[in-house]
Every structure is written in C-alpha cells, then in structure tokens.
Amino acid sequence: MRRTPLRRWLLGIWAVGALVYLFIPIGIVVLYSFNDPEGRFNITWEGFTLDHWLHPFQVEGLQEALVNSLLIGVLATAAAIVLGTFMALALVRYKFAGRSQANFFIFLPLATPEVVLGAALLGLFITWGMNTGFLTIFIAHTMFCLSYVVVTIRARLQGLDTHLEEAAMDLGASEWTAFRKVTLPIIAPGITAAALLSFALSVDDFVITNFTAGQTSTFPLFIWGAARQGVPAEVNVLATMLLLGVLGLMGLNLLYQRRRARRDALATSEPAQPAALASGLSR
Amino acid sequence: MGLRRRKALLPFILLGPGLAWLVLFFAIPALTQLYVSLQTGNFEVGYTFDWAWSTYSEALSEYDEQFLRSLGYAATATVLCFVIAFPLAYFIAFHAGRWRNFMLLLIILPFFTSYLIRTVAWQTILADNGWVADTMRSVGLLEEDGRLLATRTAVIAGITYNFLPFMALPLYVSLEKIDRRLIEAATDLYASRRQAFMRVTLPLAMPGIIAGSLLTFIPAVGDFVNAQLLGTSRQYMIGNVIQSKFLVVTDYPEAAALSFILMAILLACVLLYTRVLGSRNLEEAVV
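If you read the protein sequences in the order shown, they are chains A and B. Each residue of the first sequence is one higher than the one before, starting from 1 at the first, in our numbering. Each residue of the second sequence is one higher than the one before, starting from 1001 at the first, in our numbering.
What the hints contain is simulated information worked out from the structure, not anything from laboratory work. Mixed in with the good hints there might be a few duds.
One-sided excerpt, in silico: chain A residues whose CB lies under 8 Å from chain B [said to hold, decoys possible]:
hint: 1; residue: 28
hint: 2; residue: 90
hint: 3; residue: 102
hint: 4; residue: 109
hint: 5; residue: 122
hint: 6; residue: 127
hint: 7; residue: 130
hint: 8; residue: 134
hint: 9; residue: 159
Here are the computed lysine to aspartate or glutamate pairs in the EDC-like style, where the Cα-Cα straight-line distance is at most 16 Å [stated by the list, open to error]:
hint: 10; chain 1: B; residue 1: 1007; chain 2: A; residue 2: 166
hint: 11; chain 1: A; residue 1: 181; chain 2: A; residue 2: 165
hint: 12; chain 1: A; residue 1: 181; chain 2: A; residue 2: 170
hint: 13; chain 1: A; residue 1: 181; chain 2: A; residue 2: 166
hint: 14; chain 1: B; residue 1: 1007; chain 2: A; residue 2: 175
hint: 15; chain 1: A; residue 1: 181; chain 2: A; residue 2: 161
Stretch-level coverage of chain A by chain B, calculated; a stretch enters the list once three of its residues show a Cβ under 8 Å from a Cβ in chain B [as the list claims (entries may be wrong)]:
hint: 16; stretch: 10–24
hint: 17; stretch: 76–88
hint: 18; stretch: 136–144
hint: 19; stretch: 219–228
Each residue gets a CB set at the ideal place from its N, CA and C atoms; glycine is no exception.
With the hints as extra help, turn the sequences into a complete structure.
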C-alpha cells in the first residue's frame, strides 16, 4: 500500500520548513552571542569573538537580574508544584460538590491575557499598600504557574489506574505510604514536565513581572530595558546558556527515565517527556 | 464515622491552599479592578468611588481603533498559525516515526529561550539594512525605500511566530489520539482520501483546533511586546494602551475599564467561536 509518497514528501518539507521558521531567531540569538559589535547595537555582524562568553557578567545589573529570575523561577515552581499536585489529586481522585466549577476556575487564569492579570495584581498590591518587589513577583508567578501545573499533572493522573493504590492499601500500606510509594512515582514524569514548564514560564515571564516588579530587576525586564538602547551580546550568551542548561536537564531526565524503564515494568508505558509536556500545554 | 468524614473532607483539604492562592491573587484582584474602574480621580488627588460607568464608554470610544486592530492582528495571526502548524502537527502525528519525539522537542524548545530576546532577534532579521529586506528589494518585492520592520506585517509575523507552539501542540495531541482504524474504515467504505480527511480526521481533530486557536488568539489579543518591538505607535494594540495607562500615565480607572472591556470582548469571541464550532460548553472545549 506504499504509494504516492509525494503528499508525504510535501508534508515533510512543510513540517521541516515550519521548524526552521521556529529556529531562525534562536539561531540568530546564538550566532550574535559571538558577535563583536562596534556600537551599542548588536544588530549587524561585525566579527567573531569569544569575549562575551568569557565575561558574561561584565554588563552592569545583568547578573543580579539573572539571579533574581532563577531564584524566583525555583521558588515559584516549588510552590506551584506542591500546591498544584494536591489540587490535581483532589480534582481527579475525588467526586465532590463544586468539582467542575473548581476545574473551570483553575482554567480561567490561562484564558486571561497576561496584561490583564498583571494589571489586576498591581491594582491589588496598590490597594493593599504592598510594596512591589521580589515577593510580589513570586506571588504573581506562583499564581500563573499553578494553573499550568494543575492541568499538566491532572492530564497525567487521569489515565491512572487507582487499583494499584488500593492494592497497596489492602496489603497494609497507609494512605500516605500508598501515595508516597505508589502514586508519586507513577505521576513523577507528569510532575517533572510540570516543573520544567513552570520554571520556563516563570524565568521567561515579562508582562506580569513588568507590573509586579517595582524596582526589582529580572532577566526579561533587563532585556526589555536594554532593547531601546541595544541589547548587549552578553544577554545572548546567557540566553544560550539557559537553553543549553534546560536541554541538559531534559537529557538527564530522559536517561534516568530510560534506565528506570528498563528496571521497572511499570514505567514502560510512560510517555517520553516532550509528549508529556505537549499534553500539559494543550490540556 | 470519623474516617468517613475525613474522607469527605480530604478533597477540600487538598484543594484548599492552592484554591486560596488563586482566589487571593486572581479572583480578588479581578474584582478589585472592577471597583477601581468605577472610580474617578487621578494619581495626585486620589480616587473616589462613584459608579463611573462613563469611563467605560469613554475608554471604548477613545480606543476603539486599538481594540479593532488587536482583534484583527490576533485573528490574522491565529489563522496563519493554523495554516503553518496543522501540516506540521499532522506530519508529526502520522508520519514522523522515530523522529516524532525529536520534532516535538524542537517545537517545545523555543519556550526555553527568552521570548523577548527572540523578538529582538526578529528586529535583526527584519532590519532595514538586513539581508531579508535587501533581498526583497532586489527582487522587487519591496520598494526601494520600503521597510519590513515597523510595519503591520512585522507585528503580525512576530505574533504568529511567538504563538506558533501554542497552536501546534494541541493540534498534535488531538491528531495523535485519533484511532487510525477509523480513517482506514472510511477509505475501505470508498471514501476518497479527501473525504476521509474532511469527514473523519478533521472532525476528530476539532478539540485540538479549538484549544489551539483559543490558546493563540487570547494571548495574541492582549499582546503588546510585538507591537512595541516590531512596530510603531501606529501599530499599537490595546495591550500597549493598558500597559502605558497603568505604568506610565497612572490613570488606573481607565486602565481597569480597558482591561474589563478586553475581557468582555474575549469572552464574547470565545463563546461565539465555540458555539459556531459546535462544542457544547467552553470548558469541555479547552480543558
């Protein structure tokens, strides 16, 4: 039945073209991290240099901005994962009055433009007389990461067989032990995917942060501020490093899961990470 | 009895802290916005609450152009995203074989490079003296003094680019779920490939199409980064107005009113869209 592969060829060419489109700007970002611009604007190619890679933090304020971003990313992800995992468990495992309303409510922040979320939060902080800064950024990021975490982990839990936990409890495990020893390992890939997504969203968030940051700087805020006078090449270096870091983490996680899959029959049905991330994003 | 009550309470205990966070930092701010939008006054003399509904009509008539522009840009970008992403998602779901995970990874990867710096990269690509503009001028696609940057095209291209993964991933998920035997059954029953696609594949992919287009359209309407970095004030969208009203002009009541109008318009669009595409309720379509 293998006939007329022309259609498939065209599809394949289109698909590769679309991926190239996605990667052109990323390629430019990486390439221009090696550029040696003459003026402030890192826009035209002037010559190759490793200078920015060797001294990525020589630009004033960049290091502080990046550290803030990473710190907020870790803290907001941790908070969102803890709160969100329990929420997802409640939503999938239990039938209770108001469940569908709760599902809808959790989905709402995802359906609200960021500019509205940010503006609303700033309004609240002003009304409460709260100074905007590190803490308010953390609050805001945890809020929007939470919804993403819940939908990602919920998707993972939905296909899960509850008999395994029941079996564990029949064999004398307490509810907590059953959760720790059975449920948690099974949903671990979902949690990892959710954490990765949440961290990426937090570190990259500009719009909501712009409203809630006050005088505190983050990596995207630094780029925004620099965009008017020309973004220094060091920013390209750090963006590339972040990308490589995430790729490294993903690779390690994949290796770990493969090893575990070989050891553990339960894990063989696990979707690979990109697929889990995809289903999280698309809910 | 004690155990049963604990069982009944457990979902609320699990749900409670997270839900409280969302109520405190999502629902209450939204309601506060409503309150703020009905106030009058300014930053210097303070604000008083006096049911100032007129702010809404004033805001709408003053910025109708930006509202319409936002909807137009976002709709165009959503259609472009669909046209680019559907064949991509289809190829990955049906033909990519062992390349599937790799291609999915490539779609996700842009999420891990800063959104802003990718948009700044588009400035480089579309720059007046860049090779894209030069090439287009030399083949006559662009006038001698024509620009790519700071145009409507640049802003729409930027939005399309930035939200493409949000379209591609839901499309992939729904296409991947389709039982191939249904398509085979259709062709066995003498449907042409085209008919099988139109009457089996496409309807089954509908949840992904709805989710993907909403995930693209909604943030695109509120976007202001692309208009700011790739356009000029003549391409400014409603997000730019809300942003500057809040952070630069500090006209909080009008900024809040604009946010609410934006939300109302989006809600109306979403309801209309899901109604037209025949989904019974909103949550089912997107969650």
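Hints versus structure:
Because the beta carbon of residue 28 of chain A sits about 4 Å from the nearest beta carbon in chain B, less than 8 Å, this interface hint is met. Among the interface hints, the one on residue 90 of chain A holds; its C-beta lies about 4 Å from the nearest C-beta in chain B, closer than the 8 Å criterion. The interface hint given for residue 102 of chain A holds, since its Cβ lies 6 Å from the closest Cβ of chain B, which is under the 8 Å cut-off. At a threshold of 8 Å, the smallest CB-CB gap from residue 109 of chain A to chain B is about 5 Å, leaving the interface hint in force.
At a threshold of 8 Å, the smallest CB-CB gap from residue 122 of chain A to chain B is about 6 Å, leaving the interface hint in force. With 8 Å as the threshold, the beta carbon of residue 127 of chain A comes within range of chain B, its nearest partner Cβ sitting at about 6 Å, so the hint holds. Taking 8 Å as the C-beta contact cut-off toward chain B, the hint placing residue 130 of chain A at the interface is violated, the least distance being around 11 Å. Given the 8 Å rule on beta carbons, the hint for residue 134 of chain A is violated: about 15 Å separates it from the nearest Cβ of chain B.
For residue 159 of chain A, the shortest C-beta to C-beta distance to chain B is roughly 12 Å, which exceeds 8 Å, and the interface hint is violated. A distance of roughly 15 Å separates the Cα atoms of residue 1007 of chain B and residue 166 of chain A; the hinted pair therefore holds under the 16 Å criterion. For the suggested pair residue 181 of chain A and residue 165 of chain A, the alpha carbons sit about 9 Å apart, so the restraint of at most 16 Å is met. With a C-alpha separation of about 14 Å, the suggested pair residue 181 of chain A and residue 170 of chain A falls inside the 16 Å cut-off, and the hint holds.
With a CA separation close to 12 Å, the supplied pair residue 181 of chain A and residue 166 of chain A stays within the 16 Å bound. Of the supplied pair hints, the one linking residue 1007 of chain B and residue 175 of chain A holds, its CA atoms being roughly 11 Å apart against a limit of 16 Å. About 15 Å separates the Cα atoms of residue 181 of chain A and residue 161 of chain A, which keeps this hinted pair within 16 Å; it holds. Beta-carbon proximity to chain B at under 8 Å applies to 10 residues in the stretch 10–24 of chain A; the threshold of 3 is reached and the given coverage holds.
Proximity of the stretch 76–88 of chain A to chain B, defined as three or more residues with a beta carbon under 8 Å from a beta carbon of that chain, is established by the 4 residues found. Only when three residues or more bring their CB closer than 8 Å to a CB of chain B does the claim for the stretch 136–144 of chain A stand; here the count is 4, and the claim holds. Coverage of a stretch by a chain is defined here by at least three residues with a beta carbon nearer than 8 Å to that chain's beta carbons; for the stretch 219–228 of chain A and chain B the count is 5, and the condition holds.
Against the hints set out earlier in the document, violations occur for numbers 7, 8, 9.
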